[in-house]
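Here the protein sequences line up with chains C and Y, keeping their order. Residue numbers for the first sequence follow the working numbering, beginning at 1 and rising by one. Residue numbers for the second sequence follow the working numbering, beginning at 1 and rising by one.
Simulated from the structure, these hints should not be mistaken for laboratory data. For clarity, every value in this text was computed on a predicted model and none was experimentally measured. A few of these clues could be false.
Remember, identical chains collapse to one label, so a pair may be satisfied in a single copy or spanning two.
Here are the simulated lysine-lysine pairs, DSS-like style, with alpha carbons at most 27 Å apart [claimed, not checked]: (1) K120 - K173; (2) K154 - K84; (3) K84 - K307; (4) K302 - K84; (5) K42 - K84; (6) K8 - K217; (7) K154 - K346; (8) K50 - K84; (9) K50 - K154; (10) K346 - K42; (11) K173 - K241; (12) K198 - K84.
Protein chains: 2
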Amino acid sequence: MAFFEVIKKDKKTRAKAGVINTLHGPLETPMIMIVGTKATVKGITPAQLKEINVPCVLCNTYHLYLNPGQDLIAQAGGLHGFMKYSGPMFTDSGGFQIFSMGHGTISDEIKGKGNRNRQKTLLKLNEKGAIFKSYLDGSLYELTPEKSIQIQHKLGADMIAVLDECTPFHVTKRYTERSMHMTHRWLDRCIIEHKRLKSKQALYGIVQGGIYPDLRKISCEYIANSGTPGICIGGSLGKDKAQMDETVKMCHDIIGDTKPVHLLGIGGDLIDLMRGVENGMDTFDCVAPTRNARHGSLFHTKAPNKKINITRSEYRNDMSPIDEDCDCYVCRNFSKAYINYLLRAKEMLGVELCSYHNIYYIINFMRKIRQAILEDRLEEFKISFFGEELT
Amino acid sequence: MAFFEVIKKDKKTRAKAGVINTLHGPLETPMIMIVGTKATVKGITPAQLKEINVPCVLCNTYHLYLNPGQDLIAQAGGLHGFMKYSGPMFTDSGGFQIFSMGHGTISDEIKGKGNRNRQKTLLKLNEKGAIFKSYLDGSLYELTPEKSIQIQHKLGADMIAVLDECTPFHVTKRYTERSMHMTHRWLDRCIIEHKRLKSKQALYGIVQGGIYPDLRKISCEYIANSGTPGICIGGSLGKDKAQMDETVKMCHDIIGDTKPVHLLGIGGDLIDLMRGVENGMDTFDCVAPTRNARHGSLFHTKAPNKKINITRSEYRNDMSPIDEDCDCYVCRNFSKAYINYLLRAKEMLGVELCSYHNIYYIINFMRKIRQAILEDRLEEFKISFFGEELT
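Generate coordinates for the entire structure from the input sequences, incorporating the hints supplied.
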C-alpha cells in the first residue's frame, strides 16, 4: 500500500483530496493535526478526542525529551500507550522549540515580528547539532539529527520529522542559505539513523530557505529527491499572506503530488487553511485553535473573522449556543452565558468546553473542504463559507 | 409518593438503605453528593457525571449569589438548565460560607483547629440576617432567611437548605445556645417564605447546638417538629471522631428514621462515611474527594488510609493503574506514571483524570455500602474493606 494516495484533484486550484496510510490507520487529507504538546491535548481526554473524531495528534519532541523523557514513554509503549490514544500521531523533531527558546519566541520571529526579551537557552549550534539548557531546570541537553530520530523512535509516532534549523525572519540571505545547506546535511544524517534503527515510522524531510524563492527551490528539490515519504514546509514563509501564498505554491509545484506535504505551524485562521489547501498543502498543525480556546476565542461561522471572544460582556446573558451552525457536544448543550461565566470564574470546565468546540470545529471545517474537493465544488464552498470579500 | 422511604434497616447498627424521591428522580441512600460549588464540578463535564452515575450534585448558594447571580441562572432554567445537569441537585443556604469567609476558614474552625488570618468579610450579623462583603469585588450583600430561600428558589435545586448560623468551635456554650435559638427562628421564617413562594423544592432544616448534647437535643427536636421533609446536621460536631460519633448517633435517635438526614460537609475519609452511615445518616457531601484529587490524593483500596498521593516520585515509572480494583475509565486506561507526569507537568488533564477517579470511587463506595445493607452483610463488608484495625 502506498504511503500517500491522491483520490481527487481540484480543477481550478492545486487542492487535492487524498489518504495517508499510517501505522495507526488511514488519514484523510486535507486535514489538520491537533496539538498535544506534552503528550496531552490540554484538558481533553482521549475518549473525547475519539468522540470528536480527531484524525491525528501532534506532540512535541522537545518538551517530551525534557520531561518525562523518551525512555519512560518507550516503557509505556510509546506515546500511544502512554497517552492511551490509538489514532495516527506525528512528532516534530524538536528543532523548532530549540530555536524558539533559543532566540526568544520564534513564532513571532519567523513571522517577522521581531525579537522579544525571553531567556535565551540555546548555548551552541553547529554542524554537529545544538546544545541547550532545559527551561525546566537549567540542565544541559544535546540534540543532534541522530538523537532527534532516536528520541522520536522511542516516542513511536506514525510520522516523524527530521531535525532542521528553523531560520528566523530577520537573518541575512547568506545565513539562510548556509543554514539551509546544514539542514540538508542533517536530513541525510537523519535518513541514515532512521535506516539504522529499522524504523517503520514515516520520515518527513523539512524544506527551508526562508523567503528566498531560489533557496526554497533548491531546498524543495533536495528534500523531494531524498526519498522521505513525506515533506514538511518549515521556516519563515514571509511577512504577509501574499508572500506566504507564493512560497507555498512554488514549493508545491516543485515537490509535486506524490508525497503528502505538511505546512508546519499554520492553521490559526481558517482562511490560511483554505489557502494552504488551494496551494497544494495536504496537512497542517497549529497550536492556535486550542490556545485561543483557552482564552475564549472561539470559532463561529457567522462572525466576520470566523471567531468570537466568549468572555465579552455581551455574552453574559446570551442563552444561545456558541455557534448555532455547530453540532458539537458543547453547542448542542451549553449556552454562551454558561461558558462566559465559567471562563470569567476561571473554572477549568470552561477551558475544556472551549477547547472541545474549537477542535471539533476545525476538524469538521477540514472535512467540509475535503468533501467539497471530492464533489467538485471547492470554489463554491469557499465563497459560501467566507463570502466574496475574503476569498 | 413519600419524600423518603426506608427499604431496609441494618440489624446491628443504625444504618439503613432508602430512597429519596426528588423532582429529578429517585436518590438511593446512603449516598454522597458531589460538590459543584460554582455550578460546575471542577473539570468534569455533565456527560462525564452521567457516565460516572453521579447521583446528586451540591452547589453553593453563597458563590452563585455573588456570581453569576440567581437571576441569570433562573433565566437559564435554573441550575439544571444552566449547567445542563439533569439529575437531582441540592443547594446549601449560603450560611456556611458567609461565616467561613467572615471568621476565617470555618472548616478548620468548626473542627477546632483555630483561626487563620484571612480577610474577614462578615460585617454584621443579627436577628435579621447577615451583611457581608463580596470576596470578588468588595461590594455589599445581604443574606436573610427569606433571601436565602428566594435565591435557592431561583437556583431551582431539588433540595434546599434553611439559613443557619454555623457556630464555630471556639465559642462559649452561651453563644452556641443563643445562636441555635436564632437558627430556629430563622428556620421558621424560611418555612414561611418557602410556603409563600409555593416552592416544590424539598426544604431541609439544619440542626445546630455545637458539641453540647443538651443543645443538640433541643435543636433536633425543634427541627424534627418543624415539618421540613429533610434534616441536615450542621455546625461543629466535636474535635475528634469519637465525639462526632456520639453527637451524630444522638441526633439520629431523636430525629428517627422518617426523614432523610444529611451530614453536612463530612466525607473526606471513607471511614467517616462508614461511621456516618452506621450512626443513621442517609446523605453526605464533602469537597475533599474532588479537592484532594486536584492535589493528587487519590482513593486506593489497598492503601493503609485508602489514599495514595500520585505525585510521589515512586509512581514516576509505575505502569499500573491507580487502583487495580477500580474499574473507572481512568483505571481502565491510564498508568500511574502518566497521571504522575500530568500532575507534575501541571497539565489540566491530570486534574480531570484524578477528579474522575475520586468521584467514581466514592460514589461506588457508597453503592457498596448500600448493597451490603440490603444483603444483611454490612459488618462483613466493613471488616473486609477496612480491615480489623480501623473498624
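### Message
Hints numbered earlier in the text: which of these fail when held up against the supplied structure?
### Response
The structure conflicts with no hint, since it agrees with every one listed earlier.
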